[in-house]
Structure formats: C-alpha cells, structure tokens
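Protein chains: 2
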Amino acid sequence: MKTYLDCIPCFMEQALNAGRIATRDEKKVKNLLDEVGMLIKEIPMEHTPPETGAIIYRKISEITNNNDPYKEIKAKNVSHALHLYPKFKQKVDESDDRLLTAIRLAVAGNIIDLGVGKKFNITEDVEKILSQEFAIFDYELFKKELEKTDDILYIGDNAGEAVFDKILIEELGKPVTYVVREIPIINDVTKKEAIKIGIDKIATVISSGTTAPGTVLYLCNDDFKKKFKKAKFIISKGQGNYEGLSGIDSPVFFMLRAKCPVIAKNIGVNVDDIILKFSQR
Amino acid sequence: MKTYLDCIPCFMEQALNAGRIATRDEKKVKNLLDEVGMLIKEIPMEHTPPETGAIIYRKISEITNNNDPYKEIKAKNVSHALHLYPKFKQKVDESDDRLLTAIRLAVAGNIIDLGVGKKFNITEDVEKILSQEFAIFDYELFKKELEKTDDILYIGDNAGEAVFDKILIEELGKPVTYVVREIPIINDVTKKEAIKIGIDKIATVISSGTTAPGTVLYLCNDDFKKKFKKAKFIISKGQGNYEGLSGIDSPVFFMLRAKCPVIAKNIGVNVDDIILKFSQR
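Protein chains in written order, with our numbering: chain X, 245 to 525; chain Z, 245 to 525.
Since the hints were made in silico from the structure, they are not lab data. Among the hints, erroneous ones may be present.
Heads up, the list lumps identical chains together, so a pair's fine if it works in one copy or across two of them.
What the hints assert, rightly or not - The calculated lysine-lysine pairs, modelled on PhoX-like cross-linking and capped at a C-alpha distance of 25 Å, are:
| no. | residue 1 | residue 2 |
| --- | --- | --- |
| 1 | K274 | K509 |
| 2 | K272 | K285 |
| 3 | K246 | K272 |
| 4 | K246 | K271 |
| 5 | K274 | K503 |
| 6 | K388 | K473 |
| 7 | K274 | K285 |
| 8 | K331 | K285 |
| 9 | K274 | K246 |
Bear in mind that the values here come from a model prediction, so they are computed numbers and not experimental data.
Work out the full structure: start from the sequences and follow the hints.
Right, dumping it as structure tokens:
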C-alpha cells in the first residue's frame with residue numbers, strides 16, 4: 245500500500261507518542277519532531293508506510309538513546325495475554341468450529357497495536373470480536389487451501405497478539421514457520437517474545453530481517469525472501485504487514501482489524517471491521 | 245498559552261484538512277505538508293499556537309493560490325445559523341434568565357469550529373449545551389462587572405458563531421464593540437460576515453488587525469491595542485482567542501467550549517466542557 249497524505253500527520257503523532265514513551269526529556273522529543281518534520285519532504289509517496297516507519301523509529305532510538313521504548317509495555321501485554329490464554333483455549337474447546345474460533349481470536353489479538361494510538365481493553369474487545377461479522381471473509385478458501393498445503397508461513401505482528409497466534413497455530417494442524425521482526429520496533433513481536441510465549445515449541449521461529457513495523461520484502465533477509473517466494477500458504481497478521489504486502493502476487497491470507505481510516509478505505513471496509521482476505525481473489 | 249508538543253501533529257493535521265479544502269491538487273497539498281514539516285524546527289514553543297497558525301494558513305494561501313478556502317463553508321454556516329436565529333431568540337424569550345440563556349447560546353455557537361476538525365450538528369449540540377453544567381462559571385462576577393461597565397469589547401471567533409454572539413449582544417444592554425479578524429483565516433469571522441449577520445446594526449464592528457486564527461496582541465493594529473488596554477469589560481470567544489489572550493492582565497471573560505485536549509488541560513477542565521471564566525480571578 246502506498247503512503248497517503250493522511251499518513252503524514254499520523255507519522256508525526258506516532259513520533260510524539262513513541263518519543264514520550266522513550267524519554268521524559270521534552271527537548272529531545274521536540275528535536276525528534278523537528279527531524280521528522282524535515283523528513284516529510286523526503287518521503288516517497290509510492291513507498292509503503294512501514295518503510296517510513298522504519299526511518300522514524302530509528303530516529304527515535306538515536307535521539308532518545310533508547311532502542312526498545314516499548315520493552316516494558318510489551319512484557320506487560322504478553323504477560324496479560326498469557327494469563328488469559330487458558331480462558332481463550334476454553335472458548336476454542338467449547339466452540340462448534342474450532343478453526344474459526346481460533347481465527348477470530350487471532351484477529352482479536354490484533355487490537356494490541358500501540359502504533360495506531362487507539363485504546364484497547366483485551367478482555368472486552370476480544371468478546372466483541374468473537375461475535376463480530378467479518379467484513380471480508382474468505383474462510384471457505386482458507387480451509388480449502390489449508391487442506392492442500394504442507395507448510396505455512398505465518399507472519400506475526402504485535403508482541404501480545406502472538407499469544408493469540410499461538411492458539412491459531414495449535415489449530416492449523418500443519419507445520420508452521422512463525423515470522424518475527426529482526427529488532428524491537430514499536431510493540432512488534434521479536435524472537436524474544438515468541439520464545440517467552442512458547443511458539444518455538446510448536447513452530448519454527450525465524451526473523452524476516454526487517455527493521456520496519458511491517459513486512460517490506462526488499463528490506464527482508466535472503467532466507468525469508470526465499471521462503472516467502474516458495475510459500476503456498478501465507479498468513480499475514482495486522483496492518484503493518486498488510487501495508488507492506490498488499491498488492492504482492494503471493495498466496496497471502498490477511499487477518500486484521502482495520503484500525504486506521506486510510507487502511508480501511510484501501511481495503512474497502514469501515515474502521516473497526518475485521519478481515520480474513522485472500523490476496524489472490 | 246504556549247505551544248505544547250501535542251500542537252505539532254495537530255498543525256500538520258490542520259494543514260492537511262485546510263489544504264484539501266483549498267485545492268483538489270494533492271501535489272500542492274503534499275508540497276504544503278513539506279513546508280509545514282520544515283517549519284516545525286522554527287516554531288518557538290513559547291509562542292502561542294495562533295502565531296504559528298497564522299504562518300501555516302498563509303502558506304496554505306500561497307501554495308494553493310486560495311486566500312479564503314472556507315468561503316463557501318462559512319457562508320453555509322452563517323446562513324444555517326441565521327435560519328435558526330428566530331428559534332434561539334424564542335429560547336431566550338421563554339427562559340427565566342435571559343442573560344444566562346444568551347450566554348449559553350453564545351458558548352454553544354462555539355461548536356462551529358473548523359480548525360479543530362471535530363464534527364458538529366448545530367441543532368443537536370446547541371440543545372445539549374443549553375442544559376450542560378459549566379465547568380467554570382463566573383456568572384455572578386459577569387453580572388456584577390456588566391452592571392458597572394459602560395462599554396464592552398466583544399472579540400468574535402468563528403463566522404457562524406457570530407449569529408449566536410448577536411443574540412448575546414442584544415441581551416447585554418450596553419454599548420458593544422464587536423471585534424473581527426482582519427483577513428479570512430480558517431472559518432473565523434471577518435467584517436463581511438458580521439455585516440451579513442447585522443451585527444453592525446447593534447454594535448460597532450472593528451477589525452483587530454490580526455491575521456492569526458486568534459487574538460495575539462502584538463500582531464494587532466494600534467487602534468485595537470489601545471481599545472483593549474483601556475477596556476474594563478472584555479468578552480473573548482473560543483479557543484484561538486483564549487490561546488492568544490490567556491495569561492494577559494486584562495479583565496477578560498473567556499467563553500468557550502474546550503474542544504482540544506491541550507486547551508482543556510491548560511484550563512484545568514475536560515474536553516467538551518463549557519466555560520465562562522474571568523481572567524483576573
């Protein structure tokens with residue numbers, strides 16, 4: 245997805261929010277906003293938003309001298325989601341369609357997104373999403389393709405969300421490679437959290453090599469690029485990965501909640517809609 | 245009021261919104277955002293937000309070649325408010341306290357603010373505000389000072405809001421000088437709209453000389469500055485005037501609805517609270 249003009253004030257807002265989490269020194273935050281301001285004229289609008297995100301979050305690290313501002317928040321989100329894990333597993337056990345309930349939970353976990361700046365309440369929001377209609381629902385195709393495949397590439401998004409991904413991985417019944425970010429970026433999942441959650445026990449965990457808050461192929465490492473090219477069944481979680489991968493000619497199932505109006509419009513849905521969308525349809 | 249870091253993404257958002265109203269050429273809007281981005285490092289945080297607003301809106305005019313982007317919207321707001329004028333006058337006629345009802349209406353009119361970007365519905369919102377508790381309510385002081393004064397300086401804010409100001413002026417029972425902006429800026433009231441509304445029939449209409457979306461004294465003309473300095477009773481409408489005049493040692497009654505979180509925090513109230521606040525208390 246290209247960058248829209250609406251993304252520009254949002255970049256500034258994200259820099260302010262992340263800067264304030266990274267440091268209490270308001271002068272450094274002002275300096276950060278100055279730098280992001282000067283960067284605007286350099287942003288190629290045909291680039292995807294996560295490419296610019298990578299540059300902005302790198303500036304945040306440099307200026308505030310903090311390369312993992314969301315460390316504590318991620319740990320708290322993961323621990324909270326792990327605490328709720330048995331309750332969510334029970335929802336799967338009690339449901340008529342285990343796979344669908346697990347997909348719903350995986351989409352619900354996508355509310356734990358700190359880039360967008362929306363407030364969320366895990367317990368309440370998950371309950372809502374469990375009974376929400378999908379705006380795009382390629383579920384029959386998902387089941388058909390899942391049956392055919394013998395290997396799944398599953399691209400994670402946020403750290404707390406990965407607990408919900410674990411629940412879905414446990415229902416897929418096929419070998420899964422779970423893909424994380426190379427370095428801490430916003431509250432996205434890295435190897436550290438994937439291991440903490442125990443995803444390494446049920447899947448192969450690899451890094452895509454990206455330093456962007458989304459999967460932008462040319463910024464990824466060769467190993468991931470090869471795996472992505474060969475893959476017959478890819479799950480892409482969240483907005484950042486959608487922004488990076490939409491329009492790519494690969495068999496990707498996008499699972500996300502549309503939290504920002506630009507992405508919602510790009511997909512053709514409303515803000516807060518939930519989506520299970522196949523890229524090749 | 246000084247500029248807060250939170251104002252910076254908001255400047256960018258305002259530039260985007262106003263730019264899109266001023267032109268359909270997205271390239272010009274991007275060029276505008278580039279310019280505003282480069283401006284950020286030049287913003288003195290000790291300046292008031294309307295001072296920066298003046299620079300940004302001048303850039304909008306220059307880049308889009310449109311020096312009154314809100315012209316049609318203002319005309320529509322004024323015409324809509326004039327259409328509702330008899331209904332609102334009736335509310336004053338039917339009330340136990342004519343002055344208080346007129347003040348409430350004048351505050352209610354302050355919802356017609358297109359800088360903040362909030363949506364509003366004149367009829368519904370006015371009804372709500374007519375029964376809303378004031379968060380700060382210096383009404384007794386207002387009545388006491390009003391009785392003593394023989395001259396009122398009334399600083400207007402938005403164009404449509406001026407119809408509501410007219411209702412209050414009609415209840416004040418003292419000579420009023422109604423102050424408007426020098427040039428079109430956002431949807432603020434200028435001489436043109438004040439005359440269209442008929443305020444010139446019941447008050448002396450003058451321009452403060454400001455080209456900012458708020459009253460910043462050093463940017464005003466000498467005539468206004470003299471009048472302001474001598475004034476014993478000043479009414480200041482809306483956020484932009486509050487931002488410019490708060491902290492000044494003059495007898496000002498601020499009437500506004502706190503629509504932005506930064507101003508709400510500065511005043512010590514919540515967003516959407518309504519205020520009748522005396523500066524010298």
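Here is how each hint holds up against the structure:
no.	hint	in the structure
1	K274 with K509	between (32 Å within a copy, 19 Å between copies)
2	K272 with K285	both (21 Å within a copy, 12 Å between copies)
3	K246 with K272	between (30 Å within a copy, 18 Å between copies)
4	K246 with K271	between (32 Å within a copy, 15 Å between copies)
5	K274 with K503	between (27 Å within a copy, 24 Å between copies)
6	K388 with K473	within (21 Å within a copy, 78 Å between copies)
7	K274 with K285	both (18 Å within a copy, 8 Å between copies)
8	K331 with K285	neither (48 Å within a copy, 50 Å between copies)
9	K274 with K246	between (28 Å within a copy, 14 Å between copies)
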